[in-house]
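Please model the entire structure based on the sequences and the hints provided.
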Amino acid sequence: SAVISQKPSRDICQRGTSLTIQCQVDSQVTMMFWYRQQPGQSLTLIATANQGSEATYESGFVIDKFPISRPNLTFSTLTVSNMSPEDSSIYLCSSWVGQGLRADTQYFGPGTRLTVL
Amino acid sequence: GENVEQHPSTLSVQEGDSAVIKCTYSDSASNYFPWYKQELGKRPQLIIDIRSNVGEKKDQRIAVTLNKTAKHFSLHITETQPEDSAVYFCAGHNAGNMLTFGGGTRLMVKP
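Heads up: the sequence lines are chains C and G, in that order.
The opening residue of the first sequence carries number 1 in my numbering; numbering runs sequentially from there.
The opening residue of the second sequence carries number 1 in my numbering; numbering runs sequentially from there.
Since the hints were made in silico from the structure, they are not lab data.
Yeah, the Cβ is synthetic: ideal placement off N, Cα and C, and Gly gets one too.
A few of these clues could be false.
[To be verified] Each pair of labels, with its calculated beta carbon distance range: (1) Q28/C <-> Q14/G: 44 to 52 angstroms; (2) E83/G <-> V3/C: 17 to 25 angstroms; (3) S53/C <-> H7/G: 17 to 25 angstroms; (4) N82/C <-> P111/G: 33 to 41 angstroms; (5) S12/G <-> G52/C: 45 to 53 angstroms.
[Stated by the list, open to error] Below, a list of computed lysine-lysine pairs in the DSBU-like style, where the Cα atoms sit at most 30 angstroms apart: (6) K58/G <-> K22/G; (7) K37/G <-> K71/G; (8) K22/G <-> K68/G; (9) K71/G <-> K57/G; (10) K58/G <-> K68/G; (11) K7/C <-> K42/G; (12) K42/G <-> K58/G; (13) K37/G <-> K7/C; (14) K65/C <-> K42/G.
Here it is as structure tokens:
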């Protein structure tokens, strides 16, 4: 299975500040995804990050609030900007990873637990 | 876009009994249906998946069935054990190469 790591694992932030979350995959991948998981809830896709192009955001999420970078095929960052307590959540990155040319299983990073005071 | 509904939201069974979780999906183009298990404080882990050219798949105590006509798929866990207690998520994957997740089922296995 793929190894996906995230930093930081958790953080406590003050409202109005920004936090950048890093995601590293141990192999080159085409698409990386950022999800939000609020306490006791399911996973909601924030955006899809492709290397060399702008991220694609889902309904309800905007680039100004959640800017994403994808500088190469193994790395991505998600920034949570101008945070409010409503942004307190777990943020997970994920990617399709497979054997050879077939990327057929989606793996998740360990998540970043964000608390905004 | 795809909509995935999952039932029940909570499920309590006695150790050794079977557990069944059901999901329905809306997009007939969806062709891949994974199931994830998420233990408290941990990442979702893939436990089994099924593709649209297969009706059933089994891996030891876990099985998944797919009915493409009715657009529903189910997770079956037999001989449940306390370590099966977790939140389970189903998902559907379509041509957009994204997963849409169900709402989750909290499974509690009582010893």
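Each hint tested on the structure:
1. Q28/C <-> Q14/G: 44 to 52 angstroms: 47 angstroms, holds
2. E83/G <-> V3/C: 17 to 25 angstroms: 23 angstroms, holds
3. S53/C <-> H7/G: 17 to 25 angstroms: Given about 38 angstroms between the Cβ atoms, the range is violated.
4. N82/C <-> P111/G: 33 to 41 angstroms: 47 angstroms, violated
5. S12/G <-> G52/C: 45 to 53 angstroms: 48 angstroms, holds
6. K58/G <-> K22/G: Measuring from Cα to Cα gives roughly 16 angstroms; hence the hint holds.
7. K37/G <-> K71/G: With Cα atoms ~22 angstroms apart, K37/G and K71/G stay inside 30 angstroms; holds.
8. K22/G <-> K68/G: Within the cut-off at roughly 14 angstroms; holds.
9. K71/G <-> K57/G: 16 angstroms, holds
10. K58/G <-> K68/G: The given pair, whose Cα atoms are some 18 angstroms apart, holds under the 30 angstroms limit.
11. K7/C <-> K42/G: 15 angstroms, holds
12. K42/G <-> K58/G: The hint holds at about 25 angstroms.
13. K37/G <-> K7/C: Between K37/G and K7/C the Cα gap is close to 22 angstroms, so the pair holds against 30 angstroms.
14. K65/C <-> K42/G: 26 angstroms, holds
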